[in-house]
Amino acid sequence: MSTHVDAPASVERKAPTTQIGRSIPRLESRAKVTGQAEYIHNLRLPGMLYGKIFRSTVPHGRIVGIDTRAAKELPGVFAVITGEDVRALVPEPYYGPAFHDQPVLAIDKVRYVGEPVAVALSEDPHVAEHAVNLIEAEYEDLPAVFDEVEAAAATDVFVHDVLKPAGMFPDLKHLHGRTKTNVALDFSLRRNDVEQGFAQADYVFEHVFRTPTVAHTTLEPIVSVGEPRGSQALTIHTSSQSPSFVRSEVARLLGWPENHVRVRTAFLGGGFGAKLYIKLEAMVAVLALLVKRPVKISLTMEEQFYTITKHATTVHLKTGVTKAGKITARHCEAWWNGGAYADIGPRVTQKSGFTGAGPYDIENVALNSYAVYTNLPPAGALRGFGIPQLVWAYESHTDLIARELEIDPLEFRRANILRNGRPQATGTIMRDTATVEVLDSLSSAMRWGESFDRGQGSVRRGRGVAIGFKACIAPTTSVAIVNLYGDGSCAVYCGTVDMGQGSDTAMAQITAEVLGLDPQSISVIHPDTDVTPYDMATLGSRSTFHMGNAVRLAALEAREKLFVIAGKALQADPSLLTVADNYVSAPNGQRLSISEVIKSCFLMQAGNIIGTGSFRPSYTSPSQGDGQSDDITPFWMVGAVGAEVEVDTETGRVHVTRLVNVADVGTPINPAIVTRQLNGGALMQLGFTMSEAVRFDNGQAINASLADYKIPGILDIPDQTVAEIAEGCQNTGPFGAKGAGETGTFAVSPAIANAVHDAVGVRIFDLPLTPESVYRALRAAQHQPLEDQQ
Amino acid sequence: MSAQLREISFTLNGKSVTAEVASHHTLVEMLQEQFHLYGARESCGQGLCGCCTVIVNGRSVSGCLYLAVFADRADVVTVEGLAKGEQLDSVQEAFVSCSGFQCGFCTSGFILMVNQLLEQNASPTEDDIRHYLSGNLCRCATYPDIITAVQAAATTLRKE
Ligand code: FES
Ligand code: FES
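Chains A and B are the protein sequences, given in the same order.
Residues 1 to 790 (the working numbering) are what the first sequence spells out, left to right.
Residues 1 to 160 (the working numbering) are what the second sequence spells out, left to right.
Note that these hints are calculated values from the structure, not bench results.
Backbone N, C-alpha and C define an ideal beta-carbon position, used for all residues, glycine too.
Some hints could be false.
To be verified - Stretch by stretch, here's where chain B covers chain A in the computed footprint (C-beta under 8 Å, at least three residues):
| id | region |
| --- | --- |
| 1 | 34 to 47 |
| 2 | 94 to 103 |
| 3 | 266 to 274 |
| 4 | 322 to 329 |
| 5 | 698 to 712 |
| 6 | 715 to 723 |
Full structure from sequences and hints, please.
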């Protein structure tokens, strides 16, 4: 079995394609509309205990004592476990993808309100819940820090005594052992001379933008089940986006080889980045081994707010521009509020940080990006991996500049846009990226050149545009297996997790295209690390490209083997055979069904034809200090948004009447699924724009429920939501495709703020755009600020 | 929590059944634990999202708040009771053809609510649809396709 390591130079273009570009219904449609779809949420195992978590009530404190006696005495309680019990099994129980900083249960210190401190276990979840209420903990309060800018500058309050980078990433090495700091990563990029660029400018603009903490609120709350198999092996059933990572990290904690840990998933009821890396997996693994019973922990909606969030940010931008509207220099400084544990925050800081100047062709760029520890719940990835926060800043800023210069905002962007063949701020030359096409499609979808009804009386109308881009995370690997069974049916074994994005269907279409099969007849085996090969994770819009390429290579290998066997049976040259509609055909018209070919080899309905594919694109890591790299990403994603809004000047309420998002997704495998992802991303970001913000009072989240934290409902979506796919082709992608899961989110927030500015002449610098914030800005603009602001 | 169990009997998707429930058990817990029906599922646990929707005596209820004991002698219908054998109902068919879902976690609730809407109003406007479904949340925000699916199902049902 050969594997292919490097990216193919270009795709094999076979025309006409039959399966690519077809909007077939999802493979699992029937299961999902009949209530039969499998989620880990549903899982019950014989002898299973339910765990309920006792959580910290202070933002920062030394643990003086935990009293579990009353809880243990409650009838029906099987055990109550604390950090000290965990340490008996795992001496160093700290995990994390970038830093080994997060304990399975708090040890010595708690670092945020909501941090897990103890777990009560019972066969009856209600008993476990009752027991949690009987646990008492005493803390010695420590001073806490909540704001990312303050925490970065702090000289006396430190969330962690010493930094513990995981060692996997070269750019974190220099942080090892660092003390007296809350900065978990300081990424910097320098391109040419930004000061000289400002000197060449006619105008220099500076603004600061902020975004609040927001929450994923997947409707299937995070859930994991640990199932011991003796004392030296374990199965973890989990709603995870990254089963391969869970296996290696749990094996590392336990000091076991990876093959003693099996991790499996089912469909996920939403992921959005919440279910990445380690969430409950280490906890259920340790608990199950300690009590020698299967243990299930299923979070409540409230607990999800204490488990993972999206970074609050402060972004400072400074741009130099000539009178004619050419950007000469840009400096972006971004602080990321990472909460108490790093999770993937340092990666967000770096991987998104280097795009902080926007999709523009700028000669002189300086970027600084800081991952900062605070005493808030940990922040990680949320649909866009930091990009929507940066786009909020640079596209609000860019719009302000265009307005000041009295240049049409779309024209200003077009004049400065980064085109194929030009270097991005890292020095990587942009290729196969439809920046210009996206702007052109947006312009026509918005009928930008035509006149626009601006409303009257107290309701004013406006429109705005914005564009953002993202690099796909690198370097990462996907491995896939395609297996043809004796009857000619086919299964794809891949570690991509279908959490609603339709990856099962896309992988089936890719396989079907290569092997001449009906995609609906293919089964896609869900991630199970004992069965499916390695995949880095389902995140960052990487699966269509990486796993899609791996699956395509695996299917090609299976086809090659099939043709060798068929060549013997048909007495034909294998290189001249073709396959379509389940039949292998020779040039002379003779043909055999796939099952007949396999039978010709194994003499009965038996055996397998197995192809494997392994895909890892090339990558050059950015050099320390200036962040330059000639190969920073395998592909770029571009998303632009246009918004039309009505602003009620008497209440500050903003109603989005039309939301258009245009994306470069290469050549889509399944256009309907891609369109749905684009709309879903845009409407999720609409929530982060208009209403969502986790509010904290001394570190305590005070709106941790869907009653007080408003996610968009069907009445909140625009009158019209439109997604358009711009003409594009990613030549290194499977059949020209690239990722699409996040692109719809990029530019929503600034497009709406720009439209509000267009409607009523006020600028909102901090998300969300609540009626209150808009009304305050309106009053301030009329020199009649509300009393509490005077 | 030494709760006393009580036997209740009711009709579940057309069949007479009995169950042993404690006074604090919710309808969703009972359906999952005792009948292995997972289509109604708890998400927000507060009556806000509709993932746990179940039809009791012809009316939709939030199964995360509705106590199982109240199902005594009631007629209970879940999403699993809609298809006739292999034949999906018209709303399910429309959700498949219009792909009115992504992750699918909210889908059972939407499908039951749409059935109830179309029983009451055979030709709902887009505004009617939005208002009727305002108690169901979809974090994947598949709302535009859900609206299309409702319109498609309404058209099919009017023809039947
Ligand atoms: S779980 Fe019942 S309404 Fe949300
Ligand atoms: S389809 Fe995922 S929540 Fe609705």
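Each hint, compared with the structure:
For the region 34 to 47 of chain A, the stated coverage by chain B holds: 8 residues have a C-beta nearer than 8 Å to a C-beta of that chain, and at least 3 were required. With 0 residues carrying a beta carbon less than 8 Å from a beta carbon of chain B, the region 94 to 103 of chain A misses the three-residue requirement, and the given coverage is violated. Taking a C-beta to C-beta cut-off of 8 Å, the region 266 to 274 of chain A contributes 6 residues in contact with chain B, enough for the three needed, and the coverage statement holds. With 0 residues having a Cβ less than 8 Å from any Cβ of chain B, the region 322 to 329 of chain A misses the three-residue criterion, and the hint is violated.
Counting residues of the region 698 to 712 of chain A whose beta carbon lies closer than 8 Å to any beta carbon of chain B gives 5, which meets the minimum of three for the stated coverage. Counting residues of the region 715 to 723 of chain A whose CB lies closer than 8 Å to any CB of chain B gives 3, which reaches the minimum of 3, so the coverage claim holds.
Hint violations for this structure: numbers 2 and 4, all remaining hints satisfied.
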